[in-house]
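S.K.: The residues making up each chain are set out below.
Number of protein chains: 2
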Amino acid sequence: MRFSHSEHVSRLAGGWLLAVCLCLAAHTAIAAADLLPSWADGASKRAIIAFVEQVADPQSPGFVAADERVAVFDNDGTLWSEKPAYFQLLFAIDRVRALAPQHPEWKTTQPFKAVLDNDLDALAESGEHGLLELVMASHAGMTTTEFEQIVQSWLSTARHPRFKRPYTALVYQPMLELLEYLRANGFKTFIVSGGGIEFMRPWVEEVYGIPPEQVIGSSIKVKYELRDGEPVLVRLPEIDFIDDKAGKPVGIHKFIGRRPIAAFGNSDGDLQMLQWATAGAGPRLGMIIHHTDAEREWAYDRKSHVGKLDKALDESADKGWVVVDMQRDWKTIYPAQSE
Amino acid sequence: MRFSHSEHVSRLAGGWLLAVCLCLAAHTAIAAADLLPSWADGASKRAIIAFVEQVADPQSPGFVAADERVAVFDNDGTLWSEKPAYFQLLFAIDRVRALAPQHPEWKTTQPFKAVLDNDLDALAESGEHGLLELVMASHAGMTTTEFEQIVQSWLSTARHPRFKRPYTALVYQPMLELLEYLRANGFKTFIVSGGGIEFMRPWVEEVYGIPPEQVIGSSIKVKYELRDGEPVLVRLPEIDFIDDKAGKPVGIHKFIGRRPIAAFGNSDGDLQMLQWATAGAGPRLGMIIHHTDAEREWAYDRKSHVGKLDKALDESADKGWVVVDMQRDWKTIYPAQSE
Numbered sequence: 009m010r011f012s013h014s015e016h017v018s019r020l021a022g023g024w025l026l027a028v029c030l031c032l033a034a035h036t037a038i039a040a041a042d043l044l045p046s047w048a049d050g051a052s053k054r055a056i057i058a059f060v061e062q063v064a065d066p067q068s069p070g071f072v073a074a075d076e077r078v079a080v081f082d083n084d085g086t087l088w089s090e091k092p093a094y095f096q097l098l099f100a101i102d103r104v105r106a107l108a109p110q111h112p113e114w115k116t117t118q119p120f121k122a123v124l125d126n127d128l129d130a131l132a133e134s135g136e137h138g139l140l141e142l143v144m145a146s147h148a149g150m151t152t153t154e155f156e157q158i159v160q161s162w163l164s165t166a167r168h169p170r171f172k173r174p175y176t177a178l179v180y181q182p183m184l185e186l187l188e189y190l191r192a193n194g195f196k197t198f199i200v201s202g203g204g205i206e207f208m209r210p211w212v213e214e215v216y217g218i219p220p221e222q223v224i225g226s227s228i229k230v231k232y233e234l235r236d237g238e239p240v241l242v243r244l245p246e247i248d249f250i251d252d253k254a255g256k257p258v259g260i261h262k263f264i265g266r267r268p269i270a271a272f273g274n275s276d277g278d279l280q281m282l283q284w285a286t287a288g289a290g291p292r293l294g295m296i297i298h299h300t301d302a303e304r305e306w307a308y309d310r311k312s313h314v315g316k317l318d319k320a321l322d323e324s325a326d327k328g329w330v331v332v333d334m335q336r337d338w339k340t341i342y343p344a345q346s347e
Numbered sequence: 009m010r011f012s013h014s015e016h017v018s019r020l021a022g023g024w025l026l027a028v029c030l031c032l033a034a035h036t037a038i039a040a041a042d043l044l045p046s047w048a049d050g051a052s053k054r055a056i057i058a059f060v061e062q063v064a065d066p067q068s069p070g071f072v073a074a075d076e077r078v079a080v081f082d083n084d085g086t087l088w089s090e091k092p093a094y095f096q097l098l099f100a101i102d103r104v105r106a107l108a109p110q111h112p113e114w115k116t117t118q119p120f121k122a123v124l125d126n127d128l129d130a131l132a133e134s135g136e137h138g139l140l141e142l143v144m145a146s147h148a149g150m151t152t153t154e155f156e157q158i159v160q161s162w163l164s165t166a167r168h169p170r171f172k173r174p175y176t177a178l179v180y181q182p183m184l185e186l187l188e189y190l191r192a193n194g195f196k197t198f199i200v201s202g203g204g205i206e207f208m209r210p211w212v213e214e215v216y217g218i219p220p221e222q223v224i225g226s227s228i229k230v231k232y233e234l235r236d237g238e239p240v241l242v243r244l245p246e247i248d249f250i251d252d253k254a255g256k257p258v259g260i261h262k263f264i265g266r267r268p269i270a271a272f273g274n275s276d277g278d279l280q281m282l283q284w285a286t287a288g289a290g291p292r293l294g295m296i297i298h299h300t301d302a303e304r305e306w307a308y309d310r311k312s313h314v315g316k317l318d319k320a321l322d323e324s325a326d327k328g329w330v331v332v333d334m335q336r337d338w339k340t341i342y343p344a345q346s347e
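Read top to bottom, the protein sequences are chains A and B. Residue numbers for the first sequence follow my numbering, so the first one is 9 and each next one is one higher. Residue numbers for the second sequence follow my numbering, so the first one is 9 and each next one is one higher.
Chain A on its own, in the form it takes in the complex:
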């Protein structure tokens, strides 16, 4: 096969341009790779970098103005572990035990008896209603300032049963890097969690670099009062908002007022948030953390009570959501132990 002179020149020029482009792309990818050292080279990491470079580059057709670069993260199972049970439930259990001397009636009343007897089967049997009672007994009745101190104090002393480390040490190192990488590229990062908003706010700024005003979660009602002329906010034993499943896009809309362009979750509780974020126009990134590492963390999905991942996994292929294989994609799970 012969080429005309002009075809030949054009092919040569094309080859040169391609080489330059590949070189530039490789260069940019290396720069980004340094910001994500705990991510193994592979499809997940490449998808993150490709998305971020596309939206942050003013020359790219997928460029998104900095104001609109909103990324939302589930917390339990996405930013920190959630086994053997949600850490907030472990907090509630410890709290009920601490308060038990003031509540002799708890020795004979469920779900408190189950907690005091360390009978997790009986606790599970008390169902959603029992858990709600537990939450109200442990989370309501004090001022917001008092509750914040209770959470801080628990976090500073409680240790995880398997890893014997503080709960705030069981956050995912690759996700900490991802949060930083997004912020370095002009993103505003939000937590959108089914967990209690006031259980998270006291520590997420220090641990994740996410300020309290960028935390969305479930909440109980609070009431404004003057006590001896001093204003306080008192926590009431009444649900205000459940930030889970279809509640997540509602919470996002209520608190942020615009649609995120990236969403990160790990369970069916995040399905609607993923749908909502990725259905908008322009480049979108939906990502699911798949717990596949029984050795370094836990392995669970469709059949797990906590963090059940079933429908969202089915929908991921159709929607183009990236499924992170924790075992394969993460070189490390938790930050190095410093204490």
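Don't take every hint at face value.
As the list claims (entries may be wrong) - The calculated DSSO-like cross-link candidates involving lysine-lysine, where the alpha carbons are at most 30 angstroms apart (straight line), are:
| hint | chain 1 | residue 1 | chain 2 | residue 2 |
| --- | --- | --- | --- | --- |
| 1 | A | K229 | B | K121 |
| 2 | B | K172 | A | K231 |
| 3 | B | K229 | A | K253 |
| 4 | A | K91 | A | K231 |
| 5 | A | K231 | B | K196 |
| 6 | B | K172 | A | K229 |
| 7 | A | K196 | B | K231 |
| 8 | A | K311 | A | K339 |
| 9 | B | K311 | B | K196 |
| 10 | B | K231 | A | K229 |
| 11 | B | K253 | A | K231 |
| 12 | B | K319 | A | K231 |
These aren't lab readings, by the way, just hints derived from the structure by calculation.
Take the given structure of chain A and dock chain B to it, following the hints.
M.R.: Here is chain B on its own, set in the frame of chain A:
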């Protein structure tokens, strides 16, 4: 009276230091004055500058870390006018008129009849319940995206009955400067309004420089739905949250999760927000815009239905809140007409 040599030197040195300090202070004040050109020199402007310089200066004993520099602003009557009625009510009235052809029953049903007959007395007689019906008929039943377009479209065509300008032109120039001045000094500025959060979000970023995620307001419930596979949020005719009076500190806590160090309001609806913000430790600024200028804007306080200022005015002296006399303290009210 005679001085020893050392006393003399020390007094001279002291005098020199004082002169340097005054000069520096004057210099700083001038720099700040340039950022607040619409504020007349006087106690209100001095109080703002003294507060900001104190909290933003790392050398000052009153220094506040940038993260904690949170300032909250009421909207109606504090950032823009609220007469002859809340602009959002005028929007609801226009909306009911626009929808009337599809609702023949409104011709004979209150409060809609009152709106269609332009009978504001009858509308007032329909009371809170009537207003609520009006809001639900005009604000609910569509998706959040549709509602945003309705608001944008109204704002682009509606004109204020007295000033014949778009409503978004009736914002206070001195407050625009104050917002900028605070942000230039590391503050994060939030709106905390009794008005509807989704009535404000479409335009406040452009007009005030406040992004949607920093807007707190009253809201109705929304519901997540898939329509032909496309996710939408539908506005329901049901109150979610009233961000007024004791609801303001509750809203601040819910959305921001930390206590502001500065609060700006104009009515008794802002009393609890002012109490909450100014009761914290360290330097605090509480400020009330007093509507005293019937000629350039409106004059009203204790006896006004809209923007009633009575208890908060009484409490201002005791609490050290600065009362801005609009007539005396503001050189201009609205931004210069550009259209």
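S.K.: Hints first: check each against the structure and report whether it holds.
M.R.: Quick rundown of the hints versus the structure:
Only pairs whose Cα atoms come within 30 angstroms are accepted, and K229 (chain A) paired with K121 (chain B) is rejected, the gap being roughly 38 angstroms. A C-alpha spacing of about 42 angstroms is found between K172 (chain B) and K231 (chain A), which places the hinted pair above 30 angstroms, so the restraint is violated. With a C-alpha separation of about 16 angstroms, the suggested pair K229 (chain B) and K253 (chain A) falls inside the 30 angstroms cut-off, and the hint holds. Taken as a hint, the K91 (chain A) and K231 (chain A) pair is broken in the structure, with Cα atoms around 33 angstroms apart against an allowance of 30 angstroms.
Taking the CA atoms of K231 (chain A) and K196 (chain B), the gap is near 25 angstroms; set against the 30 angstroms cutoff, the hint holds. Distance check on the hinted pair: K172 (chain B) and K229 (chain A) sit about 43 angstroms apart at the alpha-carbon level, beyond 30 angstroms; violated. With a C-alpha separation of about 25 angstroms, the suggested pairing of K196 (chain A) with K231 (chain B) holds against the 30 angstroms cut-off. Of the supplied pair hints, the one linking K311 (chain A) and K339 (chain A) holds, its CA atoms being roughly 26 angstroms apart against a limit of 30 angstroms.
Of the supplied pair hints, the one linking K311 (chain B) and K196 (chain B) is violated, its CA atoms being roughly 34 angstroms apart against a limit of 30 angstroms. Of the supplied pair hints, the one linking K231 (chain B) and K229 (chain A) holds, its CA atoms being roughly 20 angstroms apart against a limit of 30 angstroms. A C-alpha spacing of about 12 angstroms is found between K253 (chain B) and K231 (chain A), which places the hinted pair at or below 30 angstroms, so the restraint holds. Note on K319 (chain B) and K231 (chain A): the hinted pairing holds, with a Cα-Cα distance of about 20 angstroms set against a maximum of 30 angstroms.
Hint check: violations occur at hints 1, 2, 4, 6 and 9; the rest are consistent with the structure.
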